[in-house]
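With chain A fixed as given, assemble chains B, C and D onto it according to the hints.
Residue numbers (my numbering), protein chains in the order written: chain A, 8 to 348; chain B, 8 to 348; chain C, 8 to 348; chain D, 8 to 348.
To be clear, the hints were calculated from the coordinates, so they are not data collected in a lab.
Any given hint might turn out to be false.
To be verified - Here's a subset of chain D near chain C, in silico, CB distances under 7 Å, partners left out: (1) G18; (2) I28; (3) T99; (4) A104; (5) Q239.
Note that the structure is predicted; figures quoted are calculated from it, not measured.
Where a beta carbon is used, it is the ideal one built from N, C-alpha and C, also for glycine.
Number of protein chains: 4
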Amino acid sequence: MIRFDSDYIEGCIPEILDALIKSNDEQTIGYGEDPHCENARNLIKKAIGREDAAVHFLVGGTQANVTVICSVLKHHQGAVCADSGHINGHETGALEASGHKCLTIPSTDGTISAAQVDKYINDHYASASFEHTVQPGIVYISFPTESGTLYSKQQLSDLYAVCRKHDIPLFIDGARMGYGLAAADNDMTLADIANLCDVFYIGGTKVGALFGEAVVITNEALKKDFRYHIKQHGGMLAKGRMLGIQFETLFTDDRYLTISKHAIAMAEKLTRGFADKGYAFQYRSETNQLFPIISDEKAAELAENFAYTPWARLDDHHQVIRFVTSFATKEENVDRLIEAL
Amino acid sequence: MIRFDSDYIEGCIPEILDALIKSNDEQTIGYGEDPHCENARNLIKKAIGREDAAVHFLVGGTQANVTVICSVLKHHQGAVCADSGHINGHETGALEASGHKCLTIPSTDGTISAAQVDKYINDHYASASFEHTVQPGIVYISFPTESGTLYSKQQLSDLYAVCRKHDIPLFIDGARMGYGLAAADNDMTLADIANLCDVFYIGGTKVGALFGEAVVITNEALKKDFRYHIKQHGGMLAKGRMLGIQFETLFTDDRYLTISKHAIAMAEKLTRGFADKGYAFQYRSETNQLFPIISDEKAAELAENFAYTPWARLDDHHQVIRFVTSFATKEENVDRLIEAL
Amino acid sequence: MIRFDSDYIEGCIPEILDALIKSNDEQTIGYGEDPHCENARNLIKKAIGREDAAVHFLVGGTQANVTVICSVLKHHQGAVCADSGHINGHETGALEASGHKCLTIPSTDGTISAAQVDKYINDHYASASFEHTVQPGIVYISFPTESGTLYSKQQLSDLYAVCRKHDIPLFIDGARMGYGLAAADNDMTLADIANLCDVFYIGGTKVGALFGEAVVITNEALKKDFRYHIKQHGGMLAKGRMLGIQFETLFTDDRYLTISKHAIAMAEKLTRGFADKGYAFQYRSETNQLFPIISDEKAAELAENFAYTPWARLDDHHQVIRFVTSFATKEENVDRLIEAL
Amino acid sequence: MIRFDSDYIEGCIPEILDALIKSNDEQTIGYGEDPHCENARNLIKKAIGREDAAVHFLVGGTQANVTVICSVLKHHQGAVCADSGHINGHETGALEASGHKCLTIPSTDGTISAAQVDKYINDHYASASFEHTVQPGIVYISFPTESGTLYSKQQLSDLYAVCRKHDIPLFIDGARMGYGLAAADNDMTLADIANLCDVFYIGGTKVGALFGEAVVITNEALKKDFRYHIKQHGGMLAKGRMLGIQFETLFTDDRYLTISKHAIAMAEKLTRGFADKGYAFQYRSETNQLFPIISDEKAAELAENFAYTPWARLDDHHQVIRFVTSFATKEENVDRLIEAL
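If we strip away everything but chain A, and leave its shape as in the complex, we get (with noise of 0.2 Å):
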């Protein structure tokens, strides 16, 4: 069984095994507070020009999700975020089981517009009973989106500058920041991001670690008591530099870009591979994920050597399923899959 289902079926980067190696011994204090951690949050803090923000290391993505945004939101506020936000629907309500509701948009490629979250915002403050319904307290979405997609720059602006005017934070989750930095079609770069929102994680976990997230707040509103937050929702790990060695890998010699290149390249194959058999897909997607409709007996056919995730269904006879490429995509299984299609 080759596997394409996720960006989470390999173990790390090699180097990442050998710093851990390397640093095995050591006697470092715990919590995040090692040299380790300090060494990966200058690295970060350089590599998106921005000395004066805060960097801290979490463990997953939904435990970044939830603990950023607790640590925003008052009781009465939500999350602003597209209807297919990671948040609202694969989070098992990690968020509600803290107290905020998702404040949904609706949203067919996974992006939302600031168009979109100004009127949102506009209707709630219009109605007469708006103390009757939750006070919007901050702006979410994905780069890249669950569904691939990006956002330009001059679309994040609108997004950041709507944010602004009705000053509520913009929080980036960054789970595969890596493959939209990489994408072609990506106008923006990591200082780029940092700039244009309040809040953001870089995604180890699907990006060449073992695990572990990056959230980067240059809000300076935001910053004070953070890892109180981080404590609260269990993510301040114990052997805090297991995080701080990973992402002091991953921004050395600008590893982290060059591995999620790797991963934009072979999904571009793998594109090119379908395309050339007449394939259309459901989304364009730009990154590392591929939403090729497929029917429903090559479907099966596929399974049989190919992990894939079924996504959707289409009608009686077709199906969308969608492949992903990671750091770790080896080209030989690309060019085997594309045989097999």
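Just chains B, C and D now, with coordinates in the frame of chain A:
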């Protein structure tokens, strides 16, 4: 600086690093459903002699505590625990943030007795306004406790009998389980523990692993839907096999107990070292933590070369400080500390 | 200004004021355990033909909704409801603030069908990643709905059968229960309602009382510990007899239904008045709420003398507005409004 | 049976019933925005000499406590209070159910001192692992306390100074505020109270009303968005005028203080009655609650004709029991009780 301030200052046992390297290129599904997790689950079931147990791997202790307790309690219930319990004092209110009160019982050495718990529950229902107070819904203890003390088999049996009498589950936080099992005065096996509670966890973070806690549920009624709770609390690691690989390694060749015994041997040597120099101790810790009483002057002198944890002030000139050994403690470092006393 | 903007703009039926005066000097114990509450409980049990029911009195609707749902759900569960459901859109996220997600089903008229609920629950468990989403734990509907529509006995029977099939409780929000029972097209008695769900409440606030909702639990498994939940949600009124006295009065001499019929008669007269003048309606409301479509010009003209609720914009020149009658609506006011149409 | 077991066993002052009758047919908008609420707000602002205050009417004490505290706190914060505080022991964990821990300070008479609070907060930040514990975010006290005791103006001034020094709001639960103000030894006016805290409430339920608590916010920073919190906690009464009418009545002609004085006079007479018969008291209560020490035999004898609250066991033959007077206590009943002592 030689560190004795906690048992999470080093990496992991080398066999875990070997296993990570060996498995790095494997492709496996995520979220704890891979073959390594399956194998680790089987090894643990075998070690406790309970094929019927449900075993889940979580990342850290705070997460394990809040996940287990929330999976058991309904909204009007709370967790009975020692006032010194980790959930009450060292988790930034994670349990309260999830909606539940810690129902504390005074403890001098970290343990709570069957009689205390029985009285607490009886008193609750004896009150005319019992519905105006939080209903006891689970009993939480640690083995070893925060003070390094242990429950004897008799004490645990008595406590569990009280819990069963009141139909309230007993949960054992085993973040340092190995060091409890390996202690000279301990009279229980892991199988005994498993049979004298409803749910417990076996700590990896402090006992040989990079991170990870193995939650073991032996009460059939508590098994249902547990994975929803893991995901809701951000504990469902995408590359779940990291946890499987580590517990596989720890539960092969009796490593978990072997490495724990090393920590205990180091603690015993250090205890003798202190005692030989005439120091008294605050608690009679039986495990890998020492709580010597020391003059402020001597404490300051030691701090130049040795890291320890300030614990409590005794009088104007004396304090209690904590020294902790671990699976990775080097005997030469123990010797150096003894020399310096 | 003559008000038709809601059914809570007047005080209460005069018999309740008489009862308050008569009982004012009595000394009774608090928290709903006094003789008036006991009597009211018995009158309600008799009215629904269920001596086995548990009856509790709460202050308001939002409180009743969140208290009932929290008493039923565990942390990983949510409430299936119409997207227009009161808990989803008009309670400032009270349910989410208590930890639970609203699992919404699209609805055009406020109702959700047995087939929709069955599909929702089946789809949940059919998903490979079902544990990453909130488990359906209760089904919430309103009778009448927010749009003034009703379930027929057949529809409710079908819905309840689906709930029982999946072993999920059905909860009916009856804030306007009286107006539903009194509607011309309604084919259910209060006893039918009681037998076709697990828990429901009988609204007093909007139907004759100063305030108060009577929660009726018919499912034995849901009765336990309910008073803890009332207290935890701030619903245990110290002078609980205020609630007992009001429901005693409403359930004596069939007053609850009698006063509801008056509101329906007034709504029917008003509906005919609108229809005679050629107005169309957005929903075919069968109860005490009317949703006529009106030109902006006419709406502005009416607003000078009559209070109504803006409901929805239809096009650049037309909107839907809501008129509501109640137990206290004076026929002369209805006549004046009809004249003004 | 003559009841002295609480101050919520009778209805309300007759003037409130008169006002309810007089206003019953009026049509007003709901949710506390009607003219009666507006008038009541103005009367209260005048009574405290603070035109800038925000005044909101809630239904009950538990609701008022949790609503105020949740409006102030962020997720990682808790409420500093006496261990005997109502929020800690008598609200079924309402605060924890909303996500916040009670940070308790030992108290023998129900009060906590400025020095205790200062130490608590200093100790929090002095700890190396302060981020692993809940941050003090509000200080909660009661006036009078659960034990019927009072803060002097000096004590309250000192406490408020400590709160301001640490930039933590001070919140006063005034469920029995009237009885505190009317006490012989009290040296504060309502205006003093208003100026020596950030938010407080004036209890109606126990002091003359059928129900209702008036929350007064004097700290500008805490006023924003408070109505969202009221709605989220189920406290936004649909027929909000019920609360306005009651507080209008209580704050007209100085009634609130007048009726409170009656309760105090009755308590003083009863206290003398007990003292004359040689009884001792557990606390030196200055308000409407008495805590005499009594033999079990005598307690049983009294229980045949008088309702009181069992409070605490002293030894094998003696207990503390509580007698409470109120605005409605009849002197003849006090006389009968004294006779029976």
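Here is what the structure says about each hint:
1. G18: holds, 4 Å
2. I28: holds, 6 Å
3. T99: T99(D) check passes; min Cβ-Cβ to chain C is 4 Å, inside 7 Å.
4. A104: With a minimum Cβ separation of about 5 Å from chain C (threshold 7 Å), the hint on A104(D) holds.
5. Q239: It holds, given that the least Cβ distance between Q239(D) and chain C is near 4 Å, below 7 Å.
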